[in-house]
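Undergrad: Listed here are the chains, written in short residue letters.
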Amino acid sequence: AQRVTQPEKLLSVFKGAPVELKCNYSYSGSPELFWYVQYSRQRLQLLLRHISRESIKGFTADLNKGETSFHLKKPFAQEEDSAMYYCAPSWAGGSEKLVFGKGMKLTVNP
Amino acid sequence: GAGVSQSPSNKVTEKGKDVELRCDPISGHTALYWYRQSLGQGLEFLIYFQGNSAPDKSGLPSDRFSAERTGGSVSTLTIQRTQQEDSAVYLCASSLGWVGNYGYTFGSGTRLTVV
Numbered sequence: 001a002q003r004v005t006q007p008e009k010l011l012s013v014f015k016g017a018p019v020e021l022k023c024n025y026s027y028s029g030s031p032e033l034f035w036y037v038q039y040s041r042q043r044l045q046l047l048l049r050h051i052s053r054e055s056i057k058g059f060t061a062d063l064n065k066g067e068t069s070f071h072l073k074k075p076f077a078q079e080e081d082s083a084m085y086y087c088a089p090s091w092a093g094g095s096e097k098l099v100f101g102k103g104m105k106l107t108v109n110p
Numbered sequence: 111g112a113g114v115s116q117s118p119s120n121k122v123t124e125k126g127k128d129v130e131l132r133c134d135p136i137s138g139h140t141a142l143y144w145y146r147q148s149l150g151q152g153l154e155f156l157i158y159f160q161g162n163s164a165p166d167k168s169g170l171p172s173d174r175f176s177a178e179r180t181g182g183s184v185s186t187l188t189i190q191r192t193q194q195e196d197s198a199v200y201l202c203a204s205s206l207g208w209v210g211n212y213g214y215t216f217g218s219g220t221r222l223t224v225v
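These protein sequence lines map, in sequence, to chains A and B. Mapping of the first sequence onto our numbering: position 48 corresponds to residue 48, and the numbering continues sequentially without gaps. Mapping of the second sequence onto our numbering: position 44 corresponds to residue 154, and the numbering continues sequentially without gaps.
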């Protein structure tokens, strides 16, 4: 079965520390990969998509096909990065949809 | 419209009543999706529309749930005989084209509370 796993539910760091939000997927084929972010009382919004190789708000994510991982990284976290983060691969089973992980809450302390 | 609009933003209903949730996608977005977001459960896929047809409705949890889309635009998600376990935030998203390239734009959701 196709599955996406965000192994940590919570991550708390201090401002300026590096962060890595883990995402692993078990898929056949080659899904496209996305990260979505939800700030407090705001709607879900696209943070990063692998296909465009963009770096947004200082975040990057490297696709490791061997490990089937797509971890999100930022070298120096800011307080405004505090939010829920969701990893979302595209479904490889013939339907055009994204499959979301359960999310991880990042808290950046001052 | 400029973004994906959902209405109502909040809905409190009594157990056993029917509810209708509305989604107005971004103009020109042919793909439309419904998800359910519950605490600790992440985002649960419900149904996907391409135009007015639904090629994937595999996520609808029971036959009490149905959805339609008309004119390739507005979609309505209907829950009949609501149960307390239906309480969640229902999210709508739309996409301009191939989801692998564009991803989704989400609405702000409808928070449904069944009492």
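Calculated from the structure, these hints are not laboratory results. Being a predicted model, the structure only gives us computed values, none of them experimental. Don't take each hint at face value.
[As the list claims (entries may be wrong)] Output of the computed footprint for chain A on chain B, the stretches with three or more beta carbons under 8 Å from beta carbons of chain A:
no. : stretch
1   : 171-182
2   : 194-202
3   : 206-214
[Said to hold, decoys possible] Computed beta-carbon distance windows for the label pairs:
no. : chain 1 : residue 1 : chain 2 : residue 2 : range
4   : B       : Gly161    : A       : Gln2      : 31 to 37 Å
5   : B       : Lys127    : A       : Phe76     : 32 to 38 Å
6   : A       : Gly16     : B       : Gly161    : 44 to 50 Å
7   : B       : Gly181    : A       : Arg41     : 39 to 45 Å
8   : B       : Gly181    : A       : Phe14     : 31 to 37 Å
9   : A       : Ser52     : B       : Gln194    : 39 to 45 Å
Quick reminder that beta carbons are idealized off the backbone N, C-alpha and C, glycines included.
Undergrad: Now, for every hint given, state plainly whether the structure supports it.
TA: Hint check results:
no., hint, result
1, 171-182, "violated (count 0)"
2, 194-202, "violated (count 1)"
3, 206-214, "holds (count 6)"
4, Gly161(B) with Gln2(A): 31 to 37 Å, "25 Å, violated"
5, Lys127(B) with Phe76(A): 32 to 38 Å, "50 Å, violated"
6, Gly16(A) with Gly161(B): 44 to 50 Å, "48 Å, holds"
7, Gly181(B) with Arg41(A): 39 to 45 Å, "32 Å, violated"
8, Gly181(B) with Phe14(A): 31 to 37 Å, "51 Å, violated"
9, Ser52(A) with Gln194(B): 39 to 45 Å, "42 Å, holds"
Violated hints, in rising order: 1, 2, 4, 5, 7 and 8; the structure is consistent with all others.
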